[in-house]
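Asker: Listed below, chain by chain, are the residues.
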Amino acid sequence: MSGAALPIWVLASSLLPAMIIFLLPEQTRALRTSVNLAAAVLKIVLVALMTWRVAQGQLTEVRFEMFPGVDFVLRADALACLFAGLSALLWFTTTVYAIGYLEGAPNRSRFFGFFSMCVASTMGIALAGNLITFLLFYELLTLSTYPLVVHRGTAKALAAGRVYLTYTIGGGAVLLLGVALLYGVAGDVEFQPNGALGGVSEDAWPLLRIVFGVMIAGLGVKAALIPLHGWLPRAMVAPAPVSALLHAVAVVKAGAFGIVRLVYDVYGVDLARQLSVLLPLTIAASATIVWGSLRALWQDDLKRRLAYSTISQVSYIALGVSLFGPIGTVGALVHLLHQGIMKVTLFYCAGNYAETLGVHKISELDGAGKRMPLTSAAFTIGAFGMIGVPPLAGFVSKWYLGLGALDAELPWVLVVLVISSVLNAAYFLPIIVRLWFVPRSEPWPEEQPLTGRWETSRWLLFPTVATAFFTVAAGVLASFPFSPLQWAILIARREYLP
Amino acid sequence: MMSDALRAALIPLVIVVPLCWAVLCLVQPRRSPSLLVVPGLLLWMVVSLALCWDVATTGVSMHVLGGWREPLGIALRADGLAAGMALLTALIAAACGGYRLLTPPTADDPTAQRWFWPLFFMLGASLNAVWLAADLFNMYVGLELLGLSAVGLVAVSGSDNAVSAALRYLLAALLGSLAYLLGVALLYASYGTLALSGLAELVTHNTTTHVAFALITIGLCLKTALFPLHGWLPPAHGVALSPVSALLSALVVKASFVMLLRIWFSGGVGLLSPPMAQLLGVLGAGAILWGGWQALNHPDLKSLVAHSTVAQIGYLFVAIPLLASGASPGLAWDGLMLQITSHALAKSAMFLASGTLIVAVGSSRVEDLRGVNRHMPLALFAFGLAGVSLMGLPPSGGFSAKWLLLQTALAGGQWHWVATLLGGGLLTAGYVFRVFRASFENSSDDRFDHTPLGWDVLALLLAGASILLGLAGSAPLGLLRTGASIPGLIP
Numbered sequence: 001m002s003g004a005a006l007p008i009w010v011l012a013s014s015l016l017p018a019m020i021i022f023l024l025p026e027q028t029r030a031l032r033t034s035v036n037l038a039a040a041v042l043k044i045v046l047v048a049l050m051t052w053r054v055a056q057g058q059l060t061e062v063r064f065e066m067f068p069g070v071d072f073v074l075r076a077d078a079l080a081c082l083f084a085g086l087s088a089l090l091w092f093t094t095t096v097y098a099i100g101y102l103e104g105a106p107n108r109s110r111f112f113g114f115f116s117m118c119v120a121s122t123m124g125i126a127l128a129g130n131l132i133t134f135l136l137f138y139e140l141l142t143l144s145t146y147p148l149v150v151h152r153g154t155a156k157a158l159a160a161g162r163v164y165l166t167y168t169i170g171g172g173a174v175l176l177l178g179v180a181l182l183y184g185v186a187g188d189v190e191f192q193p194n195g196a197l198g199g200v201s202e203d204a205w206p207l208l209r210i211v212f213g214v215m216i217a218g219l220g221v222k223a224a225l226i227p228l229h230g231w232l233p234r235a236m237v238a239p240a241p242v243s244a245l246l247h248a249v250a251v252v253k254a255g256a257f258g259i260v261r262l263v264y265d266v267y268g269v270d271l272a273r274q275l276s277v278l279l280p281l282t283i284a285a286s287a288t289i290v291w292g293s294l295r296a297l298w299q300d301d302l303k304r305r306l307a308y309s310t311i312s313q314v315s316y317i318a319l320g321v322s323l324f325g326p327i328g329t330v331g332a333l334v335h336l337l338h339q340g341i342m343k344v345t346l347f348y349c350a351g352n353y354a355e356t357l358g359v360h361k362i363s364e365l366d367g368a369g370k371r372m373p374l375t376s377a378a379f380t381i382g383a384f385g386m387i388g389v390p391p392l393a394g395f396v397s398k399w400y401l402g403l404g405a406l407d408a409e410l411p412w413v414l415v416v417l418v419i420s421s422v423l424n425a426a427y428f429l430p431i432i433v434r435l436w437f438v439p440r441s442e443p444w445p446e447e448q449p450l451t452g453r454w455e456t457s458r459w460l461l462f463p464t465v466a467t468a469f470f471t472v473a474a475g476v477l478a479s480f481p482f483s484p485l486q487w488a489i490l491i492a493r494r495e496y497l498p
Numbered sequence: 001m002m003s004d005a006l007r008a009a010l011i012p013l014v015i016v017v018p019l020c021w022a023v024l025c026l027v028q029p030r031r032s033p034s035l036l037v038v039p040g041l042l043l044w045m046v047v048s049l050a051l052c053w054d055v056a057t058t059g060v061s062m063h064v065l066g067g068w069r070e071p072l073g074i075a076l077r078a079d080g081l082a083a084g085m086a087l088l089t090a091l092i093a094a095a096c097g098g099y100r101l102l103t104p105p106t107a108d109d110p111t112a113q114r115w116f117w118p119l120f121f122m123l124g125a126s127l128n129a130v131w132l133a134a135d136l137f138n139m140y141v142g143l144e145l146l147g148l149s150a151v152g153l154v155a156v157s158g159s160d161n162a163v164s165a166a167l168r169y170l171l172a173a174l175l176g177s178l179a180y181l182l183g184v185a186l187l188y189a190s191y192g193t194l195a196l197s198g199l200a201e202l203v204t205h206n207t208t209t210h211v212a213f214a215l216i217t218i219g220l221c222l223k224t225a226l227f228p229l230h231g232w233l234p235p236a237h238g239v240a241l242s243p244v245s246a247l248l249s250a251l252v253v254k255a256s257f258v259m260l261l262r263i264w265f266s267g268g269v270g271l272l273s274p275p276m277a278q279l280l281g282v283l284g285a286g287a288i289l290w291g292g293w294q295a296l297n298h299p300d301l302k303s304l305v306a307h308s309t310v311a312q313i314g315y316l317f318v319a320i321p322l323l324a325s326g327a328s329p330g331l332a333w334d335g336l337m338l339q340i341t342s343h344a345l346a347k348s349a350m351f352l353a354s355g356t357l358i359v360a361v362g363s364s365r366v367e368d369l370r371g372v373n374r375h376m377p378l379a380l381f382a383f384g385l386a387g388v389s390l391m392g393l394p395p396s397g398g399f400s401a402k403w404l405l406l407q408t409a410l411a412g413g414q415w416h417w418v419a420t421l422l423g424g425g426l427l428t429a430g431y432v433f434r435v436f437r438a439s440f441e442n443s444s445d446d447r448f449d450h451t452p453l454g455w456d457v458l459a460l461l462l463a464g465a466s467i468l469l470g471l472a473g474s475a476p477l478g479l480l481r482t483g484a485s486i487p488g489l490i491p
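These protein sequence lines are chains F and R, in that order.
377 is the number that this note's numbering gives to position 377 of the first sequence; each next residue is one higher, with no gaps.
177 is the number that this note's numbering gives to position 177 of the second sequence; each next residue is one higher, with no gaps.
Since the hints were derived computationally from the structure, they do not count as laboratory data.
Mixed in with the good hints there might be a few duds.
[As the list claims (entries may be wrong)] Chain F regions said to be covered by chain R (calculated; three or more residues, Cβ under 8 Å):
no. : segment
1   : 125-138
2   : 169-177
[As the list claims (entries may be wrong)] Using C-beta positions, here's what the derived DEER-type ranges look like:
no. : chain 1 : residue 1 : chain 2 : residue 2 : range
3   : F       : Pro68     : R       : Met62     : 23 to 31 Å
4   : F       : Leu37     : R       : Arg447    : 30 to 38 Å
5   : R       : Ser273    : F       : Arg493    : 35 to 43 Å
6   : R       : Leu468    : F       : Gln274    : 40 to 48 Å
7   : F       : Pro68     : R       : Val60     : 15 to 23 Å
8   : R       : His450    : F       : Leu429    : 55 to 63 Å
The beta carbon of each residue, even a glycine, is placed where N, CA and C say it ideally should be.
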């Protein structure tokens, strides 16, 4: 196995398990669980190897011609490793979680098959080396998440699936138009630091502006930029591990990651600034941040509140990208990771409350901290991280975003960040108060009997605690090599200092 | 290397092998036909592969049967398009034949058992005759035989619906042939030749020629089921046995389209005026909308797939103005070829998978597919892969085709075709996901009939091939470009 072919192996380490799991009969629980976990561990090892190679500066690339003029390119660069690392890590924890969550539920072979395909698509999105390969996996992600969204097969789930498809397939078509237009101007566009459009003459600039808008509209659907966010709250009917995956790594992040690629590696920061296309993106992202937080305030359903929170938090990434300058870049990239870790924790907690106590609404959470201390502690850490309390992960993101805003001489963005943090506090703190300080006055809606020594199934609890631990570690250990922050700084250095 | 004698025999062999088996199956009807049929399918595949290999390595070759020259002789020309289509025919025929062989014999009546195989091989032979024909008259003979065997295959399923659909189909086929034949007669009277290469040197703009080409075009559009002349297709493709529907939608409608392509671009060079090309494209766009809309709303699964064929044929005609505009003929040609081939593979897979699903749930209604997803994952997976190609999502032959056509439209600034191509994909997604939506619905009813595993495997192979075409399209496209007479095309 040559190191340059690692991207293919990374992809295969979830595609092949998907195929195997599809073919396994429903009853072979032990075998399916082993395949799932083995593949997840193998993927972490492979991504770590790949990251090591990239840190050494070795070319890690696979390419072949799909049809005349268009290549399939998988290439590991620093940015790819950031996203692939996040996906590999959270795939492992979410797989463990999903095994516990779906214990005894029907259709598990189908679920885990598509679950693996979904992660394979995310890996492909991370590793895509040109726009067409990106588009390929972007669409594959739509197809592999649909069965997960409608997994329960209820009328509500099917209706949500319909909305989800309408948005994402439509967004995919718009993105295809953008990619095709760009191909007409600049040929097969490969991602590279400082952008791939340097050679385009100034005559084509008006077209490039339009293409930028078209592609942001296409990517904005998955990234849930307003007004394209309508699908996200509805998709909440999916099982908890799916929501966790959708919000932390897969769909929403794919859109955000696409925006990162578009600005840095297709247009390049210099050209994007000359075209002055970044300010509209800043405004759209700021509006989404405030709007998402405001809507979150009014939600009583815990998962829906988290969903609106995602809409708001993911736009931090677009915001950081749109702030021209290395500091804003670091903020955006580090938030790509940090938001994933924090949000996945919160969704695990929501799932734990629902599975263990039958609680779905915030108003029913009174006193849950006493009954489920570890879950509630994890929730508190995740929520404080989202608000941006030091030294947690979210603080690091917001710190760099704020500095980036000042650096870009856009002080009003700082105001947006402050407003958002206040709103974050306003919708998270009441939950935390209910968890710990409001005594329980009535029995739980549907409490499962305690069986082991833990507050809930180990399969559910351990991933929750692990990701909460990551949230702390990413903030406290931010100055250590290979921490998300240091890796983001490495990427920013490669983007700005070729 | 192949000897010259063998090479010279290859072109007629591609027609003669299925023809021989048609006769064999007619005179030797058997209860269990595998022993007779399987060697025939294999030999057919081998000669088609050999022909492709020959064309790919040594280029275009001609063959004149029995030394007779045109107009009445039989001249055959194997270019890349002919060889590629012959191979595609052999592959899809093998899959559909295999599907039929795996069908339990008790499932249908003696008519089908008696007539299926002779008509099946006859259909193959006449398809190959159309691909390889080098002049208008041989094309006519091939097309006529093709129409008759296709009508026969629709009728063999024996139900009342099938007979009335077959009669309607027969009427359309005869009308189409008649119009075509009239046009050909006019051309022969004017120019004294029927060879495409001869015509290309002689044709001029005059009324007779225009009328002749118009008649030919209308006749062939009727046979291709171009909107609004498509009325006969959905009933015929909807009621036929599943492997027959697969063959009809995948290949038979393409035969008249390929003839049209050859006649406009190899015979009547320069005659296709831009407004005329745009008109064909507009009808294609109408097909995409109308077929897609019908597929979105039809309650019956096989009719849904049949209407999807009407829509997908629209894409072929949308490619014509792009090809004729000359902005980037190479891209348009490649896109068109990929659309023809990937649709053939995907649609045959979709019909086979639909047939399997219908047998499993015992009903042909889309809404009765509730919950089928737990029991028929492979058939649905094949349906889904085929759907990916039809929707034009990457990676698939359908995507590559759409991409190439999009590039041509953008290069020529033809924005209305860009909108058509993108909008058509959304409609397709709508009707493909209709099926999936139904299959994911919860259902208390868990009674499903058992179906042979081989059915799923065959559908998966075809659907997989349409995906593979998107990942490794360069080699097939290279073959299909060989000897193509599109000006500005780089071989």
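Asker: Can you tell me if the segment 169-177 of chain F counts as covered by chain R, using C-beta to C-beta distances under 8 Å and a minimum of three residues?
Answerer: Answer holds; 6 residues pass the 8 Å Cβ test.
Asker: Can the suggested window of 30 to 38 Å be confirmed for the beta-carbon pair F/Leu37 and R/Arg447?
Answerer: Between F/Leu37 and R/Arg447, where Cβ atoms are some 36 Å apart, the hint holds.
Asker: Using the beta carbons of F/Pro68 and R/Met62, state whether their distance is inside 23 to 31 Å or not.
Answerer: Because 28 Å falls inside the window, the suggested range holds.
Asker: Do the Cβ positions of R/His450 and F/Leu429 conform to the proposed distance bound of 55 to 63 Å?
Answerer: Because 58 Å falls inside the window, the suggested range holds.
Asker: When you take the CB atoms of R/Ser273 and F/Arg493, is the distance between them in 35 to 43 Å?
Answerer: violated, 60 Å
Asker: Are 3 or more residues of the segment 125-138 of chain F near chain R, judged by a Cβ distance of less than 8 Å?
Answerer: Three-residue rule met by the segment 125-138 of chain F, so holds; n is 3.
Asker: Do the beta carbons of F/Pro68 and R/Val60 sit within 15 to 23 Å of each other?
Answerer: holds, 20 Å
Asker: R/Leu468 and F/Gln274, beta-carbon distance inside 40 to 48 Å?
Answerer: At 42 Å between Cβs, range holds.
Hint compliance for this structure: hint 5 is the single one not met.
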